[in-house]
Amino acid sequence: MTLKTVVIDYVVEGDKTLLRVSTFYPDNEYDTNKPYIFTLDPGHTVSYISW
0 MTLKTVVIDY VVEGDKTLLR VSTFYPDNEY DTNKPYIFTL DPGHTVSYIS W
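Sequential numbering from 0 applies to the sequence shown in numbering that gives the first Met the number 0.
Treat each hint with caution, since some may be false.
Cβ-Cβ distance ranges computed for the label pairs, FRET-style [to be verified]: (1) 42 with 2: 10 to 20 Å; (2) 48 with 25: 14 to 24 Å; (3) 50 with 28: 11 to 21 Å; (4) 40 with 6: 24 to 34 Å.
Hints were generated in silico from the structure; no laboratory data involved. For clarity, every value in this text was computed on a predicted model and none was experimentally measured. Here a beta-carbon is modelled for each residue, glycine too, at the ideal position from N, C-alpha and C.
Make a model of the complete structure from these sequences and hints.
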């Protein structure tokens, strides 16, 4: 765990409202955290923005 915040919000993309999750994941043993952002559409399809 990174002990970083998790932000969950809604974004509109075209005619779809997506659930967006923004957080971080530990990249290595030196605690370098990388952004981890993905969206879910109404059909539960996951799209990665940053990973």
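Index of numbered hints that the structure contradicts, given in increasing order
Result: hints 1, 4 break, sorted rising.
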